[in-house]
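J.: Mind docking chain W on chain X? Use the hints.
Each protein sequence line maps, in turn, to chains X and W.
Those letters in the first sequence? Residues 1 to 671, by full-length UniProt numbering.
Those letters in the second sequence? Residues 1 to 671, by full-length UniProt numbering.
Hints are not guaranteed to be accurate.
Because identical chains cannot be distinguished in the list, a pair is counted as satisfied if it fits within a single copy or across any two copies.
Derived EDC-like pairs: lysine to aspartate or glutamate, alpha-carbon spacing no greater than 20 Å straight-line [what the hints assert, rightly or not]:
| hint | residue 1 | residue 2 |
| --- | --- | --- |
| 1 | Lys-37 | Asp-49 |
| 2 | Lys-35 | Asp-199 |
| 3 | Lys-236 | Glu-509 |
| 4 | Lys-266 | Glu-369 |
| 5 | Lys-157 | Asp-146 |
| 6 | Lys-35 | Asp-192 |
| 7 | Lys-35 | Glu-113 |
| 8 | Lys-37 | Glu-113 |
| 9 | Lys-37 | Asp-199 |
| 10 | Lys-376 | Glu-571 |
| 11 | Lys-307 | Asp-354 |
| 12 | Lys-160 | Asp-146 |
| 13 | Lys-250 | Asp-354 |
| 14 | Lys-37 | Asp-192 |
| 15 | Lys-376 | Glu-96 |
| 16 | Lys-147 | Asp-164 |
| 17 | Lys-376 | Asp-84 |
| 18 | Lys-656 | Asp-146 |
| 19 | Lys-147 | Glu-48 |
Just so you know, these hints were derived from the structure itself, not from any lab.
2 protein chains.
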Amino acid sequence: MELNQINGGFQLTQNEQVLLSHTNRSPAFFVGIGKEKIEIYRGNFAIEDTIVERIPLKHSKIINNEIHLAYDELTATQLIIRLDSLSLQDSKLIIEQLDSQLNRFWIRLPAQEDEKVWGCGEQMSYFNLRGRHFPLWTSEPGVGRDKNTEITFLSDKYNKAGGDYYHTNYPQPTFVSSQHYACHVNSTAYADFDFRNTDYHELQIWEIPKSIEIYTALSFLDLIEKLSLRFGRQPKLPEWIYNGVILGLKGGEENSFSRMENAIAKGVSVAGIWCEDWAGIRQTSFGKRLFWDWKWSKKRYPNLDEKIKSLRERNIRFLAYVSPYLCEDGELYPLAKEKNLFAINKQGDVALVDFGEFNCGVLDFTNPETREWVKKEIIQKNMLDLGVSGWMADFGEYLPTNDLYLHNGIDAKLMHNAWPPLWASVNAEAVAERGLTGEIMFFMRAGFTGTQKFCPMLWAGDQCVDFSRHDGLNTVICGALSSGLLGNAYHHSDIGGYTSLFGNRRTKEVFERWVDMAAFTPMMRTHEGNRPDENFQFDQDVNTIAHLAKMTNIYRHLTPYLKHLVNEASEKGYPVQRPLFVHFEHDENTYDIQDQYMYGADLLVSPVHKQGVGEWTVYLPAQETWINVWNQQEIQGGQYITVPAPIGQPPLFYRKNSQWADLFAAIPRVS
Amino acid sequence: MELNQINGGFQLTQNEQVLLSHTNRSPAFFVGIGKEKIEIYRGNFAIEDTIVERIPLKHSKIINNEIHLAYDELTATQLIIRLDSLSLQDSKLIIEQLDSQLNRFWIRLPAQEDEKVWGCGEQMSYFNLRGRHFPLWTSEPGVGRDKNTEITFLSDKYNKAGGDYYHTNYPQPTFVSSQHYACHVNSTAYADFDFRNTDYHELQIWEIPKSIEIYTALSFLDLIEKLSLRFGRQPKLPEWIYNGVILGLKGGEENSFSRMENAIAKGVSVAGIWCEDWAGIRQTSFGKRLFWDWKWSKKRYPNLDEKIKSLRERNIRFLAYVSPYLCEDGELYPLAKEKNLFAINKQGDVALVDFGEFNCGVLDFTNPETREWVKKEIIQKNMLDLGVSGWMADFGEYLPTNDLYLHNGIDAKLMHNAWPPLWASVNAEAVAERGLTGEIMFFMRAGFTGTQKFCPMLWAGDQCVDFSRHDGLNTVICGALSSGLLGNAYHHSDIGGYTSLFGNRRTKEVFERWVDMAAFTPMMRTHEGNRPDENFQFDQDVNTIAHLAKMTNIYRHLTPYLKHLVNEASEKGYPVQRPLFVHFEHDENTYDIQDQYMYGADLLVSPVHKQGVGEWTVYLPAQETWINVWNQQEIQGGQYITVPAPIGQPPLFYRKNSQWADLFAAIPRVS
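Chain X extracted, bound-state conformation:
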């Protein structure tokens, strides 16, 4: 990249492309002072900001290759920027802050009118971010996430939990532009990326960021490769994952295992059983909740150790559940308190967080002793030694910002977004220390920059058990595509969704459509949902269990192809589920598609995500001949086509000349 002086300012260019332009009439940099108000209620944050000062740094001067920025030529320099070349195509702007009072930073990057922008972590509502702004702050994603729906209204009213389009468990201050560049901001502060303007993007960060990285490449795939190297790649999937579905079951030993055996007897291919209640439950007025004391509950699962051994002999794995909190009334809490492993409040007591009729201490992962203890006592001793092969590493988004003090002395406001990768790293290290990386599968919904390196598998969080636009089945695809662009190769979701509130119930149809999609993701896993008794379950109906059996067998059938994708993920950083445009750059019709995906380079999946439909309209990218898996019909790309879409036959197309054509062609014969 090149830095050039221009009239009244400077420009950063790569070949002919202007990546940054700053002049006194149109400054790219602003600094200021803001006064924020952050209120947390059970993982939902109400955040307001008052901008006290916002100073355009109109005046720039290049001195010894350093850019000095000031309000005007007579006033003091506020920022010094040094350009660090990462490669011929990539640069880092290192920013030095001269006035320590400043706590707000804005940068404008040139935009084109027809430009698209993707990324910002795992976005659930909008894949192309243009036309909206995206606050970046890890939190609960909201229930309904659409202010025009009754469920969002009621969730807002009763739980402050309705959410909006931008709420996500996994934000990240990184975006990819259709102009073939990516931009990443090195900061864990609250940020707000604004893509609403025609001629510029404006990134807001609630500190002066240490640096900003800009990557360019000739193709989107090359850009993904670079980002995946930058943020870290995941280990390959464990071999046992390919064996079939992981059944999410709870309700104690007898219930869980007998239902699994029934599924196996009915032909379901089972890779594992996931009992999130392995550590016990507690009764609250909301219903049953897990008991947050991360060790085997001998009461609920009396023979679990033996059970795990015998399952493993049958090549079936057991998965558990863990979060980065310990409940006050558990056995582990006093031990951790004794060792000062929790974040503390102003009084020096454990900073307790309300999770709904029970309080927890926050394990302080900035304290090396906490990390050691959690790895050793919880993950290694209580989980790995028991024979557990994986777990949901839940939460990570709740770090309060008020009256909470951490071992590393850094303001909780700056550590809030950093928490998910910290939590991921504790899990990853515990596994690695036992030499089990790539053999153990834990999965997380919370994320931030760095998650890529530590978390082997994302899970899309808590969708509603429905087809709703902003919280239903289709949002999982958007989550996979946006996070995939930033180097998260593996993504999956709760089959059937999770959240059932205010009369919203999972139907047989929703469950089965979700199974249809999940067979074309790197991991299949069911979830009973938050209210198992009121929602449709996989074994409630003989047809459904037969359908599940068939789709798990299709998933197994595709093992050779999935392993090929896993190798690509490992070598190139390509996600298993990819936006259409990364393989069809020439076809701009693909740039906004967020409910279809390429499962690898050769298979196009278009999950049905509406109720009561018998056919489905799919866009097939141009300059390719496609084969419809279900009827072997040949179709020229570059058009929308409508195909039959019964349950059990999700719209699926492969490239005619794929090396995997025979494997794909055999899908309809799998039973």
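T.: Leaving out everything else, chain W in the frame of chain X:
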């Protein structure tokens, strides 16, 4: 007032009180550039602002009694402020803008932690404004006005019309502080007054205002007197108003007049009949709407001219309805279009506004020819010559800000808030030109600075037909008290409320409680509501009509007292309905009370505004002995008391030693 230099800045003080303090460490003035986005949908505005620059003017220098303000001592002066003394106690800061690019202005005024603040026009939700911010932009007030209610949710969803606590037909950039000062900003731009901070108030204005006025006084009554002189006082009430209620009836001649005769026959004291459909109706999918072509509909009211004459002989007046728009399909529209009396769009065509299945032209009151024509052709010829004695001068809040151009060449964004007083002035001048000021009673819901001078009577706008916290009966009191402090002496409301949507229906109880309150306001007027057939009406029930009769007789009974209050309003500017604290400054318990009021100095009214209650708790101010009107019980002030509160006996208390004690004591004997 005194202007003094202090270390690093200056202070404005009155006696010992610091009214403005500016230093380089804690500047009071900020200027900047904002980029707003204003969307209108049927009088509901979605307004967003992006602050591009916000520069603290830290550096101040006093040169020849002028304050020069700049970012720092090396940069150019941005504002020059001259202090103009209005009196010994009152000052005006005249502001000169040196950089024409600036379009945002913020000023901070010192605040005390326990300070209260009132005013900002007619506020419907919160009387004490402390702890919240108040955008000041005339608009529809919203339906429900509470994001936690179903009616607001549905109104937002279907009509963008739910509103919030600060939405009002009548905002005004003026506030009164419990520190015995008032502050007024001379600007019609969008403003946002922020009273959320402990140690300062921050006023935001979307232009550099011409000036800011600060008034001080030793008592709140003196402050009101000053403000009422500053903004203009209203004429006295017409004599005919005292005769009783104005019955709002529509449905054509036969229906309206026969129902009025029935009411009179049942003992209701009637001052007038108000037929808003006098100009005809139109059918829309929403139901019947008025036909916006402001002339007598001979079809709907065939004998209206004769009718008005004969009613007047019986001392009953006829009231009509008018708005500042003309529908495209009416007879007046082509006449006004021919004369270029409408606001225009970019193409030079009439800028049409959608009012819901019909379009209207906006009469451009910045054009002297429009004013003349509306006064002469509509108000004088079509209304006064017909014998009309008053009217609802509806609307005034809808001036669009995009693609609308006015005769005076000023940006519609700056004229939007100016529109209500412009509309009021056209009405007032038309009346004055006929020598009928004080004889004709028109009433408006829309307002802004200057409304005081032109509008003889406020009407509280469109409440819901219920007891809801943010859009029901009690909000009318808040509206009367806040607008009253700023010099609007006369306020009243639609008896029974107006808005019935999404299943919300007016009950007998709501109607009767509203009558109970209205008897203690300067004017009683019923309204059928937006859906007459589905809502309770005054003549639907023999008990209700008897109750209305009794309360209109109580209203008449109080005529001598009300005339006394009207004289006070004329001579001192005191509103008829007053916050308790203006008469009880020593009792700070009164400062937050917004659901009780003093009806003049001597009568305390505490309307019942909840469903299904039989008793009511009232605060009686300290250092006074009170008499309960209904049972003559004597109570020492300075306490909350609970009294029986059946319908027909709204909690009412008078000062024991009032000169009007006999009149008040006789209230229970009125039948």
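J.: So, for every hint listed, does it hold in this structure?
T.: Here's how the hints hold up against the structure:
1. Lys-37 with Asp-49: For Lys-37 and Asp-49, both the intra-copy (6 Å) and inter-copy (19 Å) Cα distances are at most 20 Å.
2. Lys-35 with Asp-199: Cα proximity of Lys-35 and Asp-199: across copies only (14 Å, versus 28 Å in one copy).
3. Lys-236 with Glu-509: Result: close neither inside a copy nor across copies, 33 Å intra and 71 Å inter.
4. Lys-266 with Glu-369: For Lys-266 and Glu-369, neither the intra-copy (48 Å) nor the inter-copy (86 Å) Cα distance is at most 20 Å.
5. Lys-157 with Asp-146: both (13 Å within a copy, 11 Å between copies)
6. Lys-35 with Asp-192: Both. Shortest intra-copy (15 Å) and inter-copy (17 Å) distances satisfy the 20 Å Cα cut-off.
7. Lys-35 with Glu-113: between (33 Å within a copy, 19 Å between copies)
8. Lys-37 with Glu-113: between (34 Å within a copy, 19 Å between copies)
9. Lys-37 with Asp-199: between (31 Å within a copy, 16 Å between copies)
10. Lys-376 with Glu-571: For Lys-376 and Glu-571, the Cα distance exceeds 20 Å both inside one copy (31 Å) and across copies (84 Å).
11. Lys-307 with Asp-354: neither (34 Å within a copy, 70 Å between copies)
12. Lys-160 with Asp-146: Classified as both; 13 Å inside a copy, 14 Å across copies.
13. Lys-250 with Asp-354: The answer is neither: 24 Å in one copy and 57 Å across copies each exceed 20 Å.
14. Lys-37 with Asp-192: Both. Shortest intra-copy (15 Å) and inter-copy (18 Å) distances satisfy the 20 Å Cα cut-off.
15. Lys-376 with Glu-96: neither (40 Å within a copy, 69 Å between copies)
16. Lys-147 with Asp-164: both (7 Å within a copy, 15 Å between copies)
17. Lys-376 with Asp-84: neither (40 Å within a copy, 75 Å between copies)
18. Lys-656 with Asp-146: Cα proximity of Lys-656 and Asp-146: none, with 40 Å in one copy and 58 Å across.
19. Lys-147 with Glu-48: So Lys-147 and Glu-48 pass the 20 Å test inside a copy (18 Å) and across (17 Å) alike.
Checked against the numbered hints listed earlier, the structure breaks hints 3, 4, 10, 11, 13, 15, 17 and 18; every other hint is satisfied.
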